[in-house]
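Engineer: So you can see what is in the structure, the chains are spelled out below.
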Amino acid sequence: MVNDILNKISLSVQTFRTHRLRSFLTALGIIIGVSTVIAILSLIEGLNRSVAEQIQSIGSDLVFLSKSPIVMAGPQNIEEIANRPDLTPDDALAISELPSVEIAIPDISQRLNKLKYRDKEIANVRIRGTTEKFSSVNNRFIESGRDFTKDDVTHRRSLCAIGSYVAKNLFPDESPVGKELNVRGHRIKIIGVYREKGAFLGQSMDNMLVIPYTFYEKVYPSRGESVFERAFFGYSIDIKPKKGQVERVTDEVRELMRRRHRLPFDKKDDFELGTQQMLMEIYQNITRVGFIAIVAIAAISLVVGGIGIMNIMLVSVAERTREIGIRKAVGASNQNILSQFLVESVFLALIGGVIGIMLGLLLAWLISVVSPLKASVSFWMVLLGFGFSAAVGIFFGIYPARRAAGLNPIEALRYE
Amino acid sequence: MRVLNSDESRTGTIMTRGRETICRALDIHKTYWRGKVAVQALRGVTLEIRTNDYISIMGASGSGKSTLIHILSCLDTPTKGEYFLEDKLVSSYTDMELANARNMFFGFVFQSFSLLPRLTAIDNVALPLVYAGVKKRDRNQRSAEILEKIGLGDRINHRPNEMSGGECQRVAIARALVNTPKVIFADEPTGNLDSKTGSEIMDIFDRIVEEGNTVVMVTHDSNVASHAKRIVRLKDGLIDGE
Ligand SMILES: Nc1ncnc2c1ncn2[C@@H]1O[C@H](COP(=O)(O)OP(=O)(O)OP(=O)(O)O)[C@@H](O)[C@H]1O
Ligand SMILES: [Mg+2]
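The listed protein sequences derive, respectively, from chains A and B.
Counting in our numbering, the first sequence runs from 1 upward without gaps.
Counting in our numbering, the second sequence runs from 1 upward without gaps.
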């Protein structure tokens, strides 16, 4: 049996050798299909992995309360959102009293177009106003200097802790602790530097400046009155539930906030509650769309490749009609002929598959070298590549093989 | 049955006493359809082949000689009539059993040499053994032995296009012999060869029969036919005499 298969494989190798170019062109569809799939799968996998890591590093069970939806899904009435009541630090205080809540902090932020220190400058720094509990809610650690204290917040001290990106770029050769930054005319003293956290969905989480929210209100005394500003620039509240209480937290917070906003029971919430789990799901939905697109592309190119294989196998059957007749005359059964041609088409498809896998890995590697995307290759992708090409070989090889097997030996022998 | 009786009364007493019957064809018909026109290639042929027979089938072109030995060698099936292989009815054979019969029971030598062009002489000879499931080493050994015996020991690794017609036909004979079949069929094996090479080939067949094999051969040539011990004449799809 093994002997038999080896025989057929060596026959296939021979055919492949005699028709090198033709075989390669035939396998091209499969090569393209498999390599795209492998490359993109490994990129998605790489992205997934880093997102999962990042979400875990943020703390996996935070609950967010905000005025506007965390992710705008579909058309939303911005006017309606703008007219909702703002969330306030008092809300955070009330929430932190709830039985299932461990910590709740107000969180407000803006993007600074530019931040300068002497001749150095960085762009797009996120400035965040919050409380001394920010680090423990967000799994942040101070690497040098100190964290905020309750006093800093109550006394509206003009102090900040900075992300590692800010530290590296504004203070490449010195310690930032003790230095002063200038934001909108306010001099803010750096008290600490957070440990690096990496990027989330391609955005650095270390390009930020954290200050007491009390002081933030001094830096940004008014938020602006445009619909957009009213809808999106305000406090949100980060809530850390007690262990295993995420579900209860959302219920309790919803109830509390409806009460505080005096909503009658027939009105919808005028705030948004989100969990990290939801963020993850949203992200996964996004990648799933990409994934489905890939699967579609792959399916199309594999079908095209498969038809190519079928075509070439039909040509091969016609060319070798006499050979089939001779083989049958000396005792090959229909089964023998069938499996010979099937092995050949699978072999052809697998050659495409192997080249495709290698090309795909190369592609993924190249992309992760020249772009910030990271590729992650797993064994199952390689198996998938093999499996798919073999399946294409079988599926599209079966018809030509059956045609070969069904030939009448005498007619086949007479064929010129 | 009619023909069988007369056949037995004649050859049975003279030369086939004590020899077992390998194949028995009873009232074989073969009809081809060309569109709506029926071509009756065989119209009731009855024939027996016994161990160590040396039969020549002669007849005009189109008389059904090839059709007959294709059916006898299980390359084709009759439209009507019964064909027994060692008392088993061939029409009841599955595809697998037919392939097996072609592989183990019969060897076939065609007029045009019908070797696989990409294979060397030894691989061509070994082909039936591949389908018989013989191991590669044994295959090569047996094939080499037979090629040696047939005088092609120095052509083992030549491909068909590197050999003469006579040599190719000898390779084809070696292939027909390699799986020690019960009957070797040949359809005008000398038809494509000059007379000298043809008679060399005939010498090989004579020797094969001397060694105890059974040969059934189609030929136009009465010189060739004279090598045989039995001559069957076909005319318009019927046996016209022996
Ligand atoms: N596949 C076929 N389809 C239709 N008719 C066929 C087919 N094969 C053979 N015939 C017809 O059957 C008859 C017998 O053919 P066959 O080949 O047996 O003759 P033959 O005696 O071998 O002739 P030759 O000496 O020329 O080889 C002929 O009339 C031929 O035309
Ligand atoms: Mg003929």
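Keep in mind the hints are simulated off the structure, nothing from the lab.
A virtual CB, placed ideally from N, CA and C, is assigned to each residue, including glycine.
Incorrect hints may have been included.
[Said to hold, decoys possible] Some, not all, of what chain A presents toward chain B, calculated at C-beta under 8 Å: (1) S10; (2) I44; (3) G46; (4) N48; (5) S50; (6) A52; (7) E53; (8) T321; (9) I326; (10) A329; (11) V330; (12) S333; (13) N334; (14) L338; (15) P409.
[What the hints assert, rightly or not] Pairs of lysine to any residue, SDA-like flavour, derived with a Cα cap of 25 Å: (16) A/K8 with B/R159; (17) B/K136 with A/S222; (18) A/K8 with B/T94; (19) B/K88 with B/E20; (20) A/K8 with B/E20; (21) A/K8 with B/K88; (22) A/K114 with A/S222; (23) B/K80 with A/L407.
[To be verified] Simulated restraints on C-beta separations: (24) B/G212 with A/S10: 27 to 37 Å; (25) B/S199 with A/I307: 47 to 57 Å; (26) B/K136 with A/G290: 27 to 37 Å; (27) A/Q14 with B/S112: 50 to 60 Å.
Engineer: Which hints, by number, does the structure contradict?
Structural biologist: 1, 2, 3, 4, 5, 6, 7, 8, 14, 17, 20, 21, 26 and 27
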